[in-house]
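Novice: Read off the chains here:
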Amino acid sequence: MSDERKVQEVLARYVRTTDRRDGKSHGALYTEDATVHVFIKTGHKSGHDAYEAVGEPIIGASGVEYAMDNFMAPHPEGGSSHHVTSDHLIEVDGDQAHMNAQFVVFEVRAASRPAAGWPEDAFGIQGTVRPIESGYYDTDLRRVDGEWKIVRHRVLHDMPYVFPGA
Amino acid sequence: MSDERKVQEVLARYVRTTDRRDGKSHGALYTEDATVHVFIKTGHKSGHDAYEAVGEPIIGASGVEYAMDNFMAPHPEGGSSHHVTSDHLIEVDGDQAHMNAQFVVFEVRAASRPAAGWPEDAFGIQGTVRPIESGYYDTDLRRVDGEWKIVRHRVLHDMPYVFPGA
Amino acid sequence: MSDERKVQEVLARYVRTTDRRDGKSHGALYTEDATVHVFIKTGHKSGHDAYEAVGEPIIGASGVEYAMDNFMAPHPEGGSSHHVTSDHLIEVDGDQAHMNAQFVVFEVRAASRPAAGWPEDAFGIQGTVRPIESGYYDTDLRRVDGEWKIVRHRVLHDMPYVFPGA
Numbered sequence: 045m046s047d048e049r050k051v052q053e054v055l056a057r058y059v060r061t062t063d064r065r066d067g068k069s070h071g072a073l074y075t076e077d078a079t080v081h082v083f084i085k086t087g088h089k090s091g092h093d094a095y096e097a098v099g100e101p102i103i104g105a106s107g108v109e110y111a112m113d114n115f116m117a118p119h120p121e122g123g124s125s126h127h128v129t130s131d132h133l134i135e136v137d138g139d140q141a142h143m144n145a146q147f148v149v150f151e152v153r154a155a156s157r158p159a160a161g162w163p164e165d166a167f168g169i170q171g172t173v174r175p176i177e178s179g180y181y182d183t184d185l186r187r188v189d190g191e192w193k194i195v196r197h198r199v200l201h202d203m204p205y206v207f208p209g210a
Numbered sequence: 045m046s047d048e049r050k051v052q053e054v055l056a057r058y059v060r061t062t063d064r065r066d067g068k069s070h071g072a073l074y075t076e077d078a079t080v081h082v083f084i085k086t087g088h089k090s091g092h093d094a095y096e097a098v099g100e101p102i103i104g105a106s107g108v109e110y111a112m113d114n115f116m117a118p119h120p121e122g123g124s125s126h127h128v129t130s131d132h133l134i135e136v137d138g139d140q141a142h143m144n145a146q147f148v149v150f151e152v153r154a155a156s157r158p159a160a161g162w163p164e165d166a167f168g169i170q171g172t173v174r175p176i177e178s179g180y181y182d183t184d185l186r187r188v189d190g191e192w193k194i195v196r197h198r199v200l201h202d203m204p205y206v207f208p209g210a
Numbered sequence: 045m046s047d048e049r050k051v052q053e054v055l056a057r058y059v060r061t062t063d064r065r066d067g068k069s070h071g072a073l074y075t076e077d078a079t080v081h082v083f084i085k086t087g088h089k090s091g092h093d094a095y096e097a098v099g100e101p102i103i104g105a106s107g108v109e110y111a112m113d114n115f116m117a118p119h120p121e122g123g124s125s126h127h128v129t130s131d132h133l134i135e136v137d138g139d140q141a142h143m144n145a146q147f148v149v150f151e152v153r154a155a156s157r158p159a160a161g162w163p164e165d166a167f168g169i170q171g172t173v174r175p176i177e178s179g180y181y182d183t184d185l186r187r188v189d190g191e192w193k194i195v196r197h198r199v200l201h202d203m204p205y206v207f208p209g210a
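Protein chains in written order, with my numbering: chain A, 45 to 210; chain G, 45 to 210; chain H, 45 to 210.
Since the hints were derived computationally from the structure, they do not count as laboratory data.
Mixed in with the good hints, there may be bad ones.
Capping the alpha-carbon separation at 25 Å, the derived lysine to any residue pairs in SDA-like fashion look like this [as the list claims (entries may be wrong)]: (1) G:Lys-68 to G:Asp-113; (2) H:Lys-85 to G:Arg-157; (3) A:Lys-50 to A:Ser-106; (4) G:Lys-68 to G:Asp-137; (5) A:Lys-89 to H:His-119; (6) G:Lys-85 to A:Gly-123; (7) H:Lys-50 to G:Glu-48; (8) G:Lys-193 to G:Phe-115; (9) A:Lys-85 to A:Val-98; (10) G:Lys-50 to H:Val-54; (11) G:Lys-193 to G:Glu-109; (12) H:Lys-193 to A:Asp-137; (13) G:Lys-89 to A:Asp-137; (14) H:Lys-89 to G:Ala-111; (15) A:Lys-85 to H:Phe-167; (16) H:Lys-68 to A:Glu-135; (17) G:Lys-89 to G:Glu-48; (18) H:Lys-68 to H:Ala-117; (19) H:Lys-50 to H:His-132; (20) G:Lys-85 to G:Met-112; (21) G:Lys-68 to H:Tyr-181; (22) H:Lys-50 to A:Arg-57; (23) A:Lys-85 to H:Arg-64; (24) A:Lys-50 to G:Ser-46; (25) G:Lys-50 to G:Val-149; (26) A:Lys-68 to A:Glu-53; (27) H:Lys-193 to H:Gly-107; (28) H:Lys-50 to G:Ser-46; (29) G:Lys-89 to A:Arg-60; (30) G:Lys-89 to A:Ser-156; (31) A:Lys-50 to A:Asn-144; (32) G:Lys-85 to G:Leu-133; (33) H:Lys-89 to H:His-132; (34) G:Lys-89 to A:Phe-115; (35) G:Lys-193 to G:Asn-144; (36) H:Lys-193 to A:Lys-89; (37) A:Lys-68 to G:Lys-193.
Work out the full structure, taking the sequences as your base and the hints as a guide.
Specialist: So, in structure tokens, the structure goes:
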């Protein structure tokens, strides 16, 4: 498998483990000295998007695992999500790599089957799929013992993010 | 072209033939002994998603062709769709391959041009694009006479599917 | 990097430069004799989608740059977009290549932070992501001095497009 594809598959595991809220498997994608920064777009400056950091960076595989297990909202009953990535730009240089990708997050909410069964006129999929977030992932990776790991990950949100009490 | 890309392009043809409701071209992507199973998610069990099979499996290229031509709702006038796949994980081992991908289905409904022409204030695209289904495809393929064919395909829906009379 | 991936990355740059409305960087993806045609779907004919050309073709890198800088609506304050491409079919033959891809355009609208700050009950992302356009890109490329450039690009919209005064 080409290194570019291996790098891209790290992101494919990133989205699955995020959507499952599986902190342990998600953390395992990072090195212990990795940094994760979250940004929100604040506008344009001389033709480029301007961003502002939100909160403190998260540090390392164990920090990422802890953050996902403790700070990420669990899905409600019937809920799930898909972080969809696309249009990757990947550069590999020896044991270093850089990847930039677009992301759109879809929130999925399955309808609950009524106790009396689905109504007579129910047909097809029961529930909703809704895009709720978007932006870019900008990621540096390093090959460690033959495996590509994230060493620096930046989540560049298109829209502001409000934390309770902030 | 790498085998991983060849395998991924089978799915690229899968979505186009599905969106066109072209049963013959769609069926040609499968071997004659292929199986297709449709599942819906029923919840989580010990950290993994739990699924339940819906209906009987479809068997073989000709079974898939028949099912698409006879059981899949045609698009209404002005209607179309896009099955979008992303974040593929592909493993090739000799003449066998396994692929897992996310999917989101978009329903497209073009507005009809009024007999008197578009209204004065109409501008831009006329119609709607709406995500309606999502889940994962989990697919085994085999190389047959140099071509990758689907031998086992599982559609893992995030949300329940109701069939009339069910 | 494989030629197929290089070709696909041309499209990855195409979507970023379009979303940023960066005519100069977008134009640089085309040869000076390139043609760009926009089509809208008008229905089906013997199992295939039928399309109709909209307007005149755009010619060459400089024509594309001019069109993007002068005829494409700028994003409003807090607005951005993502042209998401998927399910690419790519054929490379020496210094020629052909690519077909699905696209869905998402319109992003960030909410403005109220002068008095976000409301007490605000939580999470503030704004909307909405799919507004879809279709296929069908693109021919040529390798020029080692770089893949677009020589013919066709935008195949699923839905009609109305221009003011048309």
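Novice: Of the hints given before, which are not true for this structure?
Specialist: Going through the list in order, the structure violates hints 4, 13, 17, 36 and 37 and respects the others.
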